[in-house]
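Undergrad: Take 1 as the starting number for the sequence shown in the UniProt record's numbering and just add one per residue.
Derived by calculation from the structure, the hints in this document are not laboratory data.
Derived lysine to aspartate or glutamate pairs resembling EDC-like cross-links, with alpha carbons at most 16 angstroms apart:
| id | residue 1 | residue 2 |
| --- | --- | --- |
| 1 | Lys225 | Glu71 |
| 2 | Lys202 | Asp161 |
| 3 | Lys59 | Asp301 |
| 4 | Lys102 | Glu127 |
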Amino acid sequence: MAAVFLVTLYEYSPLFYISVVSLCFVVTAAMVMGWFGFDVPVILRSSDETESRLPTPEKQMVQMTNPFTLELGSGPASVTDGVSVRPCCLEPCVLSCFWGCKVSALQGALQAHQHGLKLSNPQHFLEALHLHYHNCQIFHIGNEDRVERHTQIPADHEIKDFGLLPRKHYPLVAVLTLAEPEARDAYNIVASVTVIHVPDDKYSLSARVLFQYLLTSQGNMYELKPLFMSAASRGASEPFDSEQNTQPSEPNDEASRVEQSPVVEEEENDWSDGKGRDCVVCQNAAVNKVLLPCRHACVCDSCVSHFQHCPICRAFVQESFTLTQGPAAEQ
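Sequences and hints are given; from them, build the entire structure.
TA: This is the structure:
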């Protein structure tokens, strides 16, 4: 049928019109296929196609440094005997340990921080919790101090457990805040809240960190997640190369620091030293764009405007952000 139509069109129309109609059909089909996400040969793409396409929105993101690290210390832990914690801070800090903190009181304090009440020092937390805890101990932590602190409920409180599940009180809430006002202005992250389970007679699960939140000076709250790394490429007990470390530290301390800030620590050296990977498209410029929502860092700022789909996974690109380093991360 198509052949008969072409023959008839050839007999009654000049060859020029046949060529024009065929070309228009091919171009229209290519545009329709490209609109619905199908790959189109480069020869069928217009040179000004990228100019007419809407630019990919860019999200402004800045790399920040987490000044707080808190992990459980060595030795046995229980409600009656207490627990040891090991803080490590980049600046002088204050460690506040709230035993038996009411769950609703802590949630209310965190919500108040996000709605304008800035929790940036121990006094703010004391006022936000409204004395809904059994006991509070405060420790002053020096710069790069890794000494374990032992905290426990005084014996005269006669508290041996926090009841059956579901509980209304957290066994221990450890809060780290910056001690000096100047440091609060230098760091965007102003407080670290760690909820710790401590075993007792009613619930003998071993001591562990349940939740950990970072509070920023703008009133935002971020929950930290544990990071699992492949033991085949680099074991968790192996120290990093000395060329990649700005400050020497023990393997365990470095592994815990990577767990606290998984994005910042491992990527910081690659981009700040000018040794980033090459763009997968032009193979010339360094990679400095992250595509969302797939989060693939594979193109440079010049090539990102030419793609609607990720070159790695072919996912549709909704927006992107530039890999930059904030002022606090350079300190």
